[in-house]
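S.K.: Given next are the chains, with one letter for each unit.
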Amino acid sequence: MKISMAAVALATALTAASAHANTLRWSFQGDIATLDPYAHTESFTANVLHHIYEPLVRRDRNLAIEPALALSWQVVEPNRWRFKLRPGVKFHNGNSFNADDVVASITRLLDPAARARGNLATVVRAEKVDDMTVDFVLKGAYPLLLNDLTGIYIMDREWMQANNALKPGNITTGVTTYASTNANGTGPFRFESYAADAKLVMTANADWWDKKVEHNLNRVEFRPIKSDATRVAALLSGELDLIVPAPLKDLQRISGAAGLKVIEEPSLRVIFLGMNWRDSLQVAPGQKNPLKDVRVRRALAHAIDLDAIQKRVMRGKSRNVGVMVAPPVPGYSAALDKPYEFNPDLSKKLLAEAGLASGFKTRLSCPNDRYINDEQICIAIAAMWSRIGVTAELAIESKTTYFPKVDKGETDVYMLGWATLPPMDGFSVLSALLATRKDGYGGNNPNGFSDPRIDDLARRAAVELDEGKRRGLLTEALKITHDDVVYLPLHQQPVAWGARANVDVVNFPDEYVRLWFAKVRN
Amino acid sequence: MLKVLLARLGQGVLVLLAVSAIAFAMFRYVGDPVLTMSREDATPQEKAELRAFLGLDQPVPVQYAKFLWRVVRADLGISYRNQRPVFELIAQRLPATLELVLAATVISLLLGIPLGVYCALRPGGWLARGVQTLSLIGISTPTFVTGIALILVFAVWLQWVPSFGRGNVVDLGGWTTGFLTASGLKSMLLPALTLSLFQLTLIMRLVRSEMIDVLSSDFIRFARARGLPARRIHFTLALRNALMPVITVTGLQVGQLVAFAIVTETVFQWPGMGLLFIQAVGFSDIPVMAAYLLFVGGLFVLINTVVDLVYVLVDPRLRVRGA
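Going line by line, the protein sequences match chains P and Z.
The first sequence begins at 1 in the working numbering and counts up one residue at a time.
The second sequence begins at 1 in the working numbering and counts up one residue at a time.
Simulated from the structure, these hints should not be mistaken for lab results.
Heads up, a few of these hints could be off.
[Claimed, not checked] Between beta-carbon pairs, the in silico distance windows are: (1) S358(P) x D57(Z): 42 to 48 angstroms; (2) Q58(Z) x K361(P): 35 to 41 angstroms; (3) D111(P) x T141(Z): 50 to 56 angstroms; (4) G55(Z) x A334(P): 48 to 54 angstroms; (5) G55(Z) x R278(P): 26 to 32 angstroms; (6) N241(Z) x D228(P): 32 to 38 angstroms; (7) N502(P) x D57(Z): 33 to 39 angstroms; (8) K311(P) x Q58(Z): 35 to 41 angstroms; (9) A149(Z) x E397(P): 25 to 31 angstroms; (10) D228(P) x M26(Z): 26 to 32 angstroms; (11) A149(Z) x A383(P): 30 to 36 angstroms; (12) M26(Z) x S96(P): 50 to 56 angstroms; (13) E410(P) x V71(Z): 32 to 38 angstroms; (14) G55(Z) x K167(P): 44 to 50 angstroms.
In this text the structure is predicted, and so the values were computed from the model without any measurement.
For each residue, glycine too, the CB sits at the ideal point set by N, CA and C.
Full structure from sequences and hints, please.
M.R.: What follows is the structure, encoded as structure tokens:
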């Protein structure tokens, strides 16, 4: 029985291969964690599942928020949002989409065992008003509800009930659910099969509600490949149509190969250096921390030759920045986005003014497997600082041991990248990186930075429903960080994909792959 | 016999206890699962709640004791990343790894024995010297370099075989096999060859030196003096006598191959246990790492026990000593 089924699967695979023109085979450096949308916090897994499941609101071609499973919405009271649902939408199993599905999904997401619960932290519950209307009840006024909802996929209540998956899986009690290995959404592609670390197959959903279908695919095969060299080789050998990401060092080789191309875009991820704000540095216990003097921080900033890093280390692919968010992100201001000028003489002068003419010693901590060319960037910066007399002892290690150290505040100067995802909003910089660590704020501000002006701005922006005013508050806080060199921004790292020349895909700065915009030309 | 078996079992349990204890002591240094499981901008409260939820706020000995208690009840826990039973994850990937190891072993025997015999019979010939030199390269090149080189030549340039993955597999009631489809066999070629290289070299050199030894022993000289044909002397008499240590080494090497498969599986995206382990390390997925280490530890204990028992069966002197 099983063998004959496999034979059928093989036969379908062969027919699909003959209809190759409409199959897209693509690869990423890792596999998805699970098919259950509420059982993980990984942006890549959320990205892949977006092809099967859909949120109430989604991002369009320009990353603006547009209606998806919700048609319209209004703020009834500051803590109550009302959503009108889209009629006539069907799940892949044929069930109709309605308010019960939304309520069941949100209840499942807010269960204490759901790993993704934090993605909708401000929502208390969802209430059914009528079959096609749902209210979201919030803890208080909250301007970013729509941003959060772009990442919350809606599941089918009847399907969950029938498969005993109304509650999410639980790591401690050992409960696993049907939804972690099966999927039933409303999205542009249907789930067909999944083999961990090998293959995830989806087929186009002919009954998709969005009638302006922009893709022309009828089958998508996702094949994760961990090794960079193998992923590139598989593209070169014609076994894949798209690889995400393409390693920077192989871009020339890919664009030079016949029938292949490279697609590039600066990513939302801004790379910067964070500082130690405590009384003494880790490398010099008991001594005064020179980084608390703004002249010293400025000296460090002016000693970094960003252009050289851009040209040599990033091979001309990155974009140098002076502010902590990328241009598409709310709160960004072009006026602020001026990188600190490269001027080592000024740095020496500033150090002398701060009474450190002979320099000082610090530590520069970096991961070597998290950001593009992270290790080389840090080596370059340490060399540049040594020219103004600052000795930066390099501490470079794998992300798995690096980030726990950063999180515990055991670093002096350290590298961090921030993409403001999933909300795609400058508020995440204020709340996580800049605000003092208390009351849920400052989760990524482990080194004691505290500025009452920024704390105040963050708390006001958190509840400001007027979008213009809110962006003003964000920009004001970012200006303070620029003037005081709270963090030292370096660049936006690039997103580069490799693809066959006849594959048209849109490369988004949030590094999402959205294959409902993909076309294969024959 | 039973006594030997019982003693072996007791030792095995001790080994597994030691492996798991060392593993638990090391987990603190491979990263923090709470960070890899949290959103980038998770609040400190969220992380603290998760840490308590997972029991990671307790002292390491307590966590270890809880782990042992679960293992005793045959429960390996739930993966932090996939939220699926670890036992299921390992069972799913076991066929891929074992088939790869089996194919690598067959390749190393099929190539290693004839080459070893040839080198022993024609020690001065240019072919033998060439094979010897090549074997040095084979033993000293890191697996990932050989793997990538093979991919470049056979998958990218010649396009004879796929560069990654397992191809189409057939599900035989929970055991997925790549031996039954053409694409499965083609996919297996490069990774199996890469994995076999070290063992192939080892077997070739072992066969060669054993053969040279046996060929200079008295009974071969008598056989020659008696005028037996060279074929019969070389293959029926000499090779059979030279093979005993080869069988032992091959058996012991199976455990090594399972462990070495980590690199090969990563290079070829072979969906086996090694790839599972590497990803678990990247995610600080403690339940998966612990289960994998226990499994490999158990495998080594099992293989060594079997080899010891076979010795006892074959060699009566050991039986006396054991009693």
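S.K.: Run every hint past the structure and note whether it holds.
M.R.: Hint by hint, here is what the structure shows:
Between S358(P) and D57(Z) the beta carbon distance is about 45 angstroms. The supplied range of 42 to 48 angstroms therefore holds. Between Q58(Z) and K361(P) the CB atoms are about 38 angstroms apart, so this pair conforms to the stated range of 35 to 41 angstroms. Restraint check, D111(P) to T141(Z): a C-beta distance of roughly 52 angstroms satisfies the suggested window 50 to 56 angstroms. Remark: the range hint 48 to 54 angstroms for G55(Z) to A334(P) is upheld by a beta-carbon distance near 49 angstroms.
For the pair G55(Z) and R278(P), the supplied restraint of 26 to 32 angstroms holds, since their beta-carbon distance comes to about 31 angstroms. Between N241(Z) and D228(P) the C-beta distance comes to about 49 angstroms, which lies outside the given range of 32 to 38 angstroms. Between N502(P) and D57(Z) the Cβ separation comes to about 54 angstroms, which falls outside the hinted range of 33 to 39 angstroms. The hinted window of 35 to 41 angstroms between K311(P) and Q58(Z) is violated, with their beta carbons roughly 51 angstroms apart.
Remark: the range hint 25 to 31 angstroms for A149(Z) to E397(P) is upheld by a beta-carbon distance near 29 angstroms. Separated by about 27 angstroms at the C-beta atoms, D228(P) and M26(Z) satisfy the suggested range of 26 to 32 angstroms. Here the CB-CB span from A149(Z) to A383(P) is close to 34 angstroms, well matched to the stated 30 to 36 angstroms. Between M26(Z) and S96(P) the beta carbons are some 52 angstroms apart, a value that agrees with the proposed interval 50 to 56 angstroms.
Between E410(P) and V71(Z) the Cβ separation comes to about 33 angstroms, which falls inside the hinted range of 32 to 38 angstroms. At roughly 21 angstroms, the beta-carbon separation of G55(Z) and K167(P) lies outside the given 44 to 50 angstroms, and the hint is violated.
Of the numbered hints stated above, those contradicted by the structure are hints 6, 7, 8, 14, listed in ascending order.
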